[in-house]
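**Q** Heads up: the sequence lines are chains A and B, in that order.
The numbering used here puts the first residue of the first sequence at 1, with every later residue one more than the last.
The numbering used here puts the first residue of the second sequence at 1, with every later residue one more than the last.
Among the hints, a few may not be true.
Said to hold, decoys possible - Short derived list, chain B residues pointing at chain A, Cβ under 8 Å:
hint	residue
1	Q283
2	P374
3	V379
4	A385
5	W395
6	A397
7	L408
8	A457
9	G458
10	A462
To be verified - Just so you have them, the derived chain B footprint on chain A, three or more residues with Cβ under 8 Å:
hint	stretch
11	147-161
12	359-366
13	477-488
Calculated from the structure, these hints are not laboratory results.
Beta carbons: idealized from backbone N, C-alpha and C, even for Gly.
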Amino acid sequence: MLSLIVFLPLAAAAVLVALPRIGDVVARWLWVAVTAVDLALVVALWLRYESPGSLGLAFEERAAWIPGVNSSYHVGVDGLSLPLVAMTAVIFLACAVYGLHERDRPRIQAALFLFLQSVSLGLFVSADLILFFVFFDLSIVAMYFVIAGWGHGDSGRSAMKFFLYTFLGSLALLVGFIGLYLAADPHTFDMVDLAEAAPLAQSPLAGGLVLAAILVGLAVKTPTVPFHTWLPPAHTDAPAVGSAVLAGVLLKMGTYGFVRIAMPMLPQAWQSWAWVVIVVGVVSVLYGALVALAQTNFKRMVAYTSVNHMGYIALAVGVAGLVAEDTTQARAVAVTGAVTQMVSHGLITGALFLLAGVLENRASTYDMDAYGGLAAPAPKFATLFAVGAFASLGLPAFSGFIAEFQIFTGSVAAAPVTAIALLGILVTAALFLRALQRIFTGETRGRSVGFADLRASEVWSVGPLLVLSLVIGVLPRPLLDVIEPAAGVVVDLVGR
Amino acid sequence: MRPLLLLPEMLIFTGGLVALLAGSFLARGRQWVTRVVAALALLGCIIASGLALAGDGQSAFEGTYVVDTSTGIVRILASFATLLVLGLAGDELAGTPRESETYALLLFSTTGTLVLAGADDLLVLAVGFLLASIPLYGLIGLLRTPKGAEAAMKTYLMGALFGISLLLGVTILYGVSGSTLYVDLTERLATAPAAAVAAGVVGVVAGLMFKAGGVPAHFWVPDAAEAASGTVATFLTTVPKIGAVVAVYRLVGALPDTVAWPLLISVFAVAGMTLGNLAAYWQTDPRRLLGWSTVSQVGFLLVPVVVAGRSELALPSLLFYLSGYTVTNIAAFAVTTALPERRDLSSYRGLAGARPWLAGSLVVALLGLVGTPPTAVFVGKLTTATAAWDGGYGWLAVVVFVNTLISLFYYLRWIVPAYRPGEDADRSGRGTFVPETWSARTALVAATLSLAAGVAAGPLWAVLSAARI
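My request is simple: use the sequences and hints to build the entire structure.
**A** Structure follows, in structure tokens:
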């Protein structure tokens, strides 16, 4: 079932590429149909999901690939990956619906996004380091073509910067993987075996170096300060659907790597270096929020808030490494919050980027000062925008609040000094309110005059994302029931 | 003596002779027959090698030539590569005056490569070197252009210099040990004066580096890649190094530990990787760029040789990388021979819009040479870096990956124009790019093979890990 979910979009992409006579309309609707079917399969998977035990995987599949280096095609889901798989399917469906109005080479764009969907799903379900790496690199290649091919502004240069920077990160990650492989006895790339063995527990120096390599690789992808400089140009110049996927899905690959690879496989090193991760997280939170406050370009502003939101995740997973007897439950709450934040940020920021795409589409500019009083000509847009902005700043009743509340409960209980990161929430609130005020309130002027309100495809792509965030915010139990056991397992593994 | 153990080599050499003779007597329009003869000889070699692979390792001619799994794999790989090169040749050479001579020389050089790979004796190694090099001098200069003459002259002089270096090294090693057989060298060289042994080893390895096209004997490669015909450029950057690198592996396996040969090889590896990458960055001619890229790839190929005997992964990873590199390099060159007039990277602008499959093959080939998964070279780089780390050379693995990142820069400089939209509407239709059919097909086949070998790495690895030296 998992392989079907992962490779169905790829098969559809191959069909789209191989038949150039398919019309644009058929291609767009085929994209929507395939992503909808994939989402239905994921939902069916979720309904049949039962939490596997410690170090176990549900719906496991294994086939030999390169036995010579003990690397196999090994896939499976657990409480960490299932929510991310579901989030990926939802975001790609939203992008497909948004793409119903794409005029520039829709067939090729649909094929590229279906390929990217397969790659993203494959990464979240892989249980083998080399398989993970293959999907990691392919996501970089696919996103490069999305930005370079359908972007605007200085897209060629931004795409190149994105490719080179994240490729460097992926190579550092590969060095770390090889280190883990060689330290394990018998040598293996299998994630489950490595998590069980924790190979470098006895050698602090080697463990520290391997962790450093893996952290650099994941920190570039997440991104955290100081490796974040590729993100704002890539987001600003990418097309709307590209930014939504980049922020919603690709950034999660970095944070997922923390909880799936770095923490279970290198527990001793993680404990030793936990404070470094915490500091990086706090700095990302504050720096991202403050720089976002200073932006006048709306999309660039949202890009920096992504740095801020990912900083919360880094903070939480860092705190999970401060092992002490009485903080076990607090740390489990922090990790649960981190995974919830991954899902929440994907939905909310994906919605915000799709809305930003509307600004570009109607008036060709993201500059907030070029608008004013947009609420009057475009009330639907204003409503969804306001909902997205409030969700992003962590208003209760949305998923962001659940996530950030858990992160702070866990972090402050385990390390009270991390409360300084609460300032980030304050600054984020300020910047979103200011953006709302600049763009939507006041007298209708500038590019707001004659602004066409949202089309059906735009409403039906953004709306469900925000509704889902609201549902999670009000009824978080179904999601948390899946995440909590897995978070508990991760905290146990780190505490070894 | 057991000459029949060398049946594959004999088949190719005879094929070359038949092609040469037949070409002398056939009319210009019927010279394609020689291409068929050459292809049949290569196919025969592949079949004979495949059958021989099933048996155990044996030695022929009193232990001077060994036929084991590695030789068998090199035979199949080199013949298959030459077969793909013949696929390119169809467009370019059909009806030209020197058609049959080209095929004959290609086959002779391939025989030389096979002899290099199987040689278990220093003198046979020297013979293989000469047999592989001399046809190359002729092949490079066949086009009779001023640049071709310059490249041929450069190759010839470098070949002469490094051939002398090889023979000098062989002489010194024979002098201090009293035997040229590898099996004897290990014990006898251990008691010989280390300085003399070191000098001999440096001479021999430098000579083999000429054949491989790596530092320090790399100066001829970019000129030859740029100035020779497409067929010859593809051949000389692909096939000779298959034999040369395996020859270096066999040689260092026979050396004692009194000489620090890993240091020598690692210096050549790092220098090759870095120099090739940095020099490729400035190139605007796609063939010259690929020439410098092959110089850097030889550096990557030497990494598992550094840990020969220290890691179980070393030989299988070397053979895997060679296989992956061969098909990927041929795919990249095939794209340039499909569009032979386009000798500037910016002239590839708009290729994706006009010929999507050719552009796709180009992207797969170039990203394959970088080592993006899931291509074959990725598995090659992964396993060679792992082998290096396993053998105690972890720093070499890091250098491999740093250089992989550096190499991405110049490959992207070719991919980016190909995917940029064409200059104006009426100049960017299908008609602006009219590729040569056989080259385009070969490019597609080779690129698909590169992907397939990466995805189906398991079975291929199982065959290669049976290799022992």
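**Q** Mind checking the CB of L408 (chain B) against every CB in chain A and telling me if the closest is under 8 Å?
**A** Holds: closest Cβ of chain A sits about 6 Å from L408 (chain B), inside 8 Å.
**Q** Under the criterion of a CB-CB separation shorter than 8 Å, is A397 (chain B) in contact with chain A as hinted?
**A** With a minimum Cβ separation of about 6 Å from chain A (threshold 8 Å), the hint on A397 (chain B) holds.
**Q** Under 8 Å, Cβ to Cβ, is where P374 (chain B) needs to be relative to chain A, so tell me if that hint holds or is violated.
**A** Constraint on P374 (chain B) satisfied, holds at 5 Å.
**Q** Residue count check for the stretch 477-488 of chain A against chain B: does it reach three with CB-CB under 8 Å?
**A** It is violated, with 0 qualifying residues against the three required.
**Q** Quick check on the hint: G458 (chain B) CB to chain A CB, less than 8 Å?
**A** holds (5 Å)
**Q** Using the nearest Cβ pair, does V379 (chain B) come within less than 8 Å of chain A?
**A** holds (7 Å)
**Q** Does Q283 (chain B) pass the interface hint, meaning its C-beta sits closer than 8 Å to a C-beta of chain A?
**A** violated (18 Å)
**Q** Hold the hint about A457 (chain B) up to the distance rule: shortest CB distance to chain A must be less than 8 Å.
**A** Holds, because the Cβ-Cβ distance from A457 (chain B) to chain A comes to roughly 5 Å (cut-off 8 Å).
**Q** How about W395 (chain B): closest beta carbon in chain A under 8 Å, or not?
**A** With a closest approach of 11 Å, the W395 (chain B) hint is violated.
**Q** Cut-off 8 Å, C-beta pairs, minimum 3 residues; does the coverage of the stretch 147-161 of chain A by chain B stand?
**A** Coverage by chain B holds here, the residue count being 4 at a Cβ distance below 8 Å.
**Q** Hint A385 (chain B) vs chain A: min CB-CB distance below 8 Å?
**A** holds (6 Å)
**Q** If you count the residues of the stretch 359-366 of chain A with a beta-carbon closer than 8 Å to a beta-carbon of chain B, do you get 3 or more?
**A** violated (count 0)
Violation of the numbered hints given earlier is confined to hints 1, 5, 12, 13; the remaining hints are satisfied by the structure.
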